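**Student:** Listed below, chain by chain, are the residues.
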Amino acid sequence: MKKLISIALVLVLVLGALAGCGKTEPGTTATPSADTGANATAPAAGGTIKIGLLGCYTGEYAQYGLAVQNGALMYIDKVNAAGGINGKQIEPIIYDDKGDPTEAVTAFNRMLDDGVTALLGSVLSGATMAVVPEAYAANLPMITASATAAGVTYNEDEDLVYTNMFRTCFIDPFQGEKMAQYAKDILGARTAAAITETGNDYAVGLKEAFVAKCAELGIEVVADEGYSKGDKDFKSQLTNINAKGADVIFCPNYYEDDALIVTQARQLGITATFMGGDGWAKVSEYAKAEDLEGSVYCSAYAPGSTPEIKQFETDYAAKYNGEVPGMFAALGYDAAIVLLDAIKAAESKGLETGSDEYKAAVIDGMKNTSSVGITSAYSYDEFNNPIKSAVIIKLEGGKEVFSQMF
Amino acid sequence: MIKQARDIPTPVKYLINLALFIIFLVVVNSMIASKTISGYYTKVIMLIGINIILAVSLNLATGYLGQLPLGHAGFMAVGAYSSAIFMKAASALPMFIALPLGLMIGGTVAGIFGFIIGIPALRLRGDYLAIITLGFGEIIRVILLNIDSVLGFNLTYGAASLKNIPKTTTFLGTFICVFIVCYVIHTMMKSRHGRAILSIRENEIAAESCGIKTTYYKTMAFVMSAFFAGVAGSLYAGYLGILNPSNFGFMKSIEILVMVVLGGMGSMIGSVISATVLTALPELLRAFADYRMVAYSLLLIAVMIFKPSGLMGTYDFSLSRLLGKGLSRLPARNASPARKGDDR
Amino acid sequence: MSTVISQIFNGLQSGSVYALVALGYSMVYGIIMLLNFAHGDIIMVGAYVAWIMIAKAGLPPAVGVVAAVVGCTLLGITIEKVAYAPLRKSPRLSLLITAIGISFFLENLAQLVMGAGAKSMPEIVSGPGLSFAGANISFVAMVTIVVAVISMVLLTILVQRTKMGKAMRAVSEDMDSARLMGISVNRTISFTFALGSALAGIGAVLYSCAYPQASPTMGSMLGLKAFVAAVLGGIGSIPGAMIGGFAIGLLEAFVSAVGLSVWKEGAVFAILILVLLIKPTGIMGRVITEKV
Amino acid sequence: MPRRDPHETLIPERDKDKTPAIECIGLGIDFGGLTAVDDFNFTLGRTEIAGLIGPNGAGKTTVFNLLTKVYQPTRGRMLLEGRDTKNMTTAQANRAGIARTFQNIRLFKELTVLDNVLIGLHNEIHVNLAQAILRLPSYWRCERVARERAMDLLSIFDMTGVADKKAGSLPYGAQRRLEIVRALATNPTLLLLDEPAAGMNPSETSELMENIRKIRDMFQISILLIEHDMNLVMGICEGIAVLNYGRIIAKGTPEEIKSDPDVIEAYLGKKGH
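Residue numbers (my numbering), protein chains in the order written: chain D, 1 to 406; chain H, 1 to 344; chain U, 1 to 292; chain B, 1 to 273.
Honestly, the hints are just simulated from the structure, not real lab data.
Nothing here was measured: the structure is a model prediction, and the numbers come from that model.
The beta carbon of each residue, even a glycine, is placed where N, CA and C say it ideally should be.
Mixed in with the good hints there might be a few duds.
[Unchecked claim] Which stretches of chain U does chain H cover? Using the computed rule of at least three CB atoms under 8 Å from a CB of chain H, they are:
1) 82-92
2) 108-122
3) 260-266
4) 270-284
[To be verified] Here are some chain U residues the structure puts well away from chain D; computed CB gaps all over 10 Å:
5) 56
6) 165
7) 184
[Stated by the list, open to error] A few chain B residues that don't get close to chain H, going by computed Cβ distances all over 12 Å:
8) 74
9) 156
10) 211
11) 234
12) 251
Pulled out of the complex, with its shape left as it was, chain D reads as follows (with noise of 0.2 Å):
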């Protein structure tokens, strides 16, 4: 009897195994998610021009990957509105990595072998460097809206820069030496304190670049404090660092951290600035203004800052629910477009498409890119990152406030 229970759930294990086979055979892309409101755009006669998306969809990290579908998919939607390119449709596939290195391996080789042609992705800098190295054997083109570590594009082991690889976002050492300079330049500091989560190589990238950067500026970094993913209390930091005094506190990890760090630290009396990187956008919705007032991060995207960016606001909420678009989103429409310019001219060289000359001229496209963003107008340097300025974002009165370009 039990025998046979074991018999009948092996075989349910095995028939779902099959089903799901199935499902996804060769050919049949995946379905975006229902919430991406990717519309089926259909195929118009020239044929279509395969990308592929990967990114962290579900899990921990999905708020994330999700916004760079978006902003991604609201450009492709608009451009296969528009008559594709060269009359070729763009067909997104969309496969989720959950931020995980080895789930973005499989996916990717997975879109290989689906045919894609270049791919948007991923959205963390692991995931992505791990793809990178087999996207850059393959010379497929690849571009990043968001994967900020250095190492993305270069490898230094090697002195290698991986020629295909580009990215609209800021890289961490970018970002840091940044901030340093702000603090020096507009807030004067002359003592700096920094605290990170030591297991978050986006935090500990920006956090070393900032201290790196304070020691030439000659501003001294009076406490470098760090704590666990999954911690709630900083408090016992925040005082070591209260009793060191510093001016400035750069606190460079995700929104949900940074607000509990600033509300416990004004809890402790501390009124030291308050400083971050890209990651504390929609740090307003989690703390109290008074807390946050006068904070400033550095960011690639100021809402409502341009008529163009105002136009994207008001296309994303239509599009969206009504939902506002972050940094994310943003840089993810900016990543398609630059993508998408590059394929244009590929497509206008009346190459094959997806063969290795269309791939190669792809690349070749987007490293001479004269592609204009939302955020930006991009151009690449020698290790393919996006020479642009950064935007500081003030808080005040509780709103996230487009201070300037720096």
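Since the structure of chain D is provided, determine the placement of chains H, U and B on it from the hints.
**Tutor:** For chains H, U and B alone, coordinates are given in the frame of chain D:
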């Protein structure tokens, strides 16, 4: 007489198993080489192999020894990092030396950690052992994250990930390891050493009173389990090319445990099947990714309530027995009783 | 000096939450020898309940607080009835894995239903902070410590003085004998879960006051640390859980205070290992020997 | 209390010239202030069958646990064939020649009957890990010999037919017999049986009595048994020690014990109350 007929050393059986395995390797490998099996499927198959080693090695400690270590991912991490650091440094060595050496280093370092952790941990029983291994697993992760700041030079690169590890793991390498690990565990379990390990699971006091050095065998099984987890970690490092401590947390340990439990604690074939299914299933069910983890946990609870022994129980599968039934009249291996009727 | 006092209060505040959560672990372990891995996630559910009531439905904070405690209690009883009760005669390993499964399930369900990002919790209590020997102690910190201590005192009275408390102690001493003495074992176990989960509910509210966010994974690290606290104090012992909770809170504060905040988590687990090796039964735990 | 000469009792004439199988001198153990066994002086000769009786809670099983080193004695010494067993573990005591069965049966329930016996033969099989994994001829040879020996041992109790059954699936009496076989497989010089007849019917019990004698004669070992079935105890034991409140209150032949007033009091309670 029946017994003897069954237990005659039959090198033939081993040769058949080996031949079948080699055929499997050659066929799949040539399919991969000819792109009949695409890069994607190759990756999934390699992951399945790595997960099989992880599940089978944990099964040694959980299913056979009857302990519940919750820090298996820690051993995997130690193996992965040590082998990755070696492989990066040893790029000058020819591959046929560097690769096996890297695997051995990964396994050995993990085994040493298993020994260091096992000696104190195995003094405790049941829940306490689970807790202490959980603690050790987390400490390993914290150390990997922060060791560079203590040492003052870059070893693990902490949160920034250990990158650009030579991607040496191939289908062939993975499955040769799978075969060796399964073979070693299988043959050990069918010897006095294996029986001693099982007796500890069944009743430690009785085992002790049968003259079995329980501490010795517990440590041995634990170290072996850690060693193979380290080998799996090494393969994983060479598979992915990038390592981050956060990928080896408590959750990873639980993931491996789920494979073992669903397969049936104490059943190697159960571990192999569930590692295969649980690796392939999420890939196949990409469309339902949202519900995947919820379904996972419900499955785990349901199995525990309705079939606590796992899908395969403690049933162990023997290829040659299957062969014996189907193809030839070879006597079955000793895993299950031979009935009188079979003994013609 | 003021820094030292601040750090002590920091430790006491987080320690009192750990202690409340550790009590739940300890009581459940005492009665059915189960490491209820899902306990931390009950807190997470409690926090979401409070968030839905206060932020979504716009009800007054007091309603949210009550709802969180009641919600946690009901959830605890349900989990016991659905998942643990059928396994009472099974090996402990099965029970433990089921608990892990429940924990997994609650976390993933929350992620699915509520989304991965954190929800911002509106203020539940507010008041003036206290300045003490140059150290700032926030109102929330004081409330947290006071409420936690009161809860623990009430719990101790409940367990020591009431009939149900006696039944709990009897069942944890010897389930079969207790049954023979006419104690309803099932009811007692349910009551224990209800009590432990209610404490988790209080813990959830205090946690939400101090750290005003609800996220799907908030319970896992909290649970793990509270669990370490329970083991440190002696799992199964109520005063032990309190001592352990405060000890872990203070340990974390002092590890950070000496500038080793990076190693805080490592220190907690190192303490766990040391305790298990030196005195596996913890500070207040009883020795349970196997009868041969 | 004057120390008695441990040699004076319970050692048959025929064994006087040999080292006793076991010799306990003032053995005692406390559990957290509670004295469970005290001043346990006991000597058992070679090939002797002796009984340890006493009311429930008298400390009989504790004595077994002391003899098998499950507990380390708080005081006193214990000599096994003249060797001091100080600091020995249970496993070492077993290898030194003590095997036992358990009051609450402790078989390896999920394993086959044959495997249970093979585990008893653990230290009789001389195969190292490498030989086992590489499946060298020595492995096959040793395994074959061990299996043959296990079947021989099972045949004592006529259990060869159930060799492939799970131990846990056997009826109660058969489980008790299997425990004895497993203990014998460890090649002991002293066999401790903890209530071997518990739960057996009279015919099974008398069969067991026969078998205990048979075992002693076949293996030339000493046997010490705890038993409540007085027919069995009086029927096969050559010497009996009576334990009450952790102390030996009487020692002697079955006849002497039957008429000992202390023993009668311990079993029936003090008269005149």
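**Student:** Compare the structure with each hint and give your call.
**Tutor:** Hint by hint, here is what the structure shows:
1. Coverage of the stretch 82-92 of chain U by chain H holds [criterion: at least 3 residues with CB-CB distance below 8 Å; count 6].
2. With a threshold of 8 Å between beta carbons, the proposed coverage of the stretch 108-122 of chain U by chain H holds, since 4 of its residues qualify and at least three are required.
3. Closer than 8 Å: that is the beta-carbon criterion, and the stretch 260-266 of chain U has 4 residues meeting it against chain H, so the requirement of 3 holds.
4. Counting residues of the stretch 270-284 of chain U whose C-beta lies closer than 8 Å to any C-beta of chain H gives 6; at least three are required, and the coverage claim holds.
5. Separation of residue 56(U) from chain D is adequate, the least Cβ-Cβ distance of about 14 Å exceeding the 10 Å criterion.
6. Distance to chain D confirms residue 165(U) as a non-interface residue, since its nearest Cβ pair spans about 32 Å, more than 10 Å.
7. No Cβ of chain D approaches the Cβ of residue 184(U) within 10 Å, the least distance being about 32 Å, so the stated non-interface status holds.
8. With a cut of 12 Å on Cβ distances, residue 74(B) stays outside the contact zone with chain H, its closest approach being about 20 Å.
9. Remark: the non-interface label on residue 156(B) is consistent with the geometry, its nearest Cβ contact in chain H lying 17 Å away (cut-off 12 Å).
10. At the 12 Å boundary, the C-beta of residue 211(B) stays outside the reach of chain H, the nearest C-beta of that chain being 20 Å off.
11. Listed as outside the interface, residue 234(B) is consistent with that label: its C-beta sits roughly 28 Å from the nearest C-beta of chain H, beyond the 12 Å cut-off.
12. Every C-beta of chain H lies more than 12 Å from that of residue 251(B), the closest at about 26 Å, which supports listing it as non-interface.
Of the numbered hints given earlier, the model fails none.
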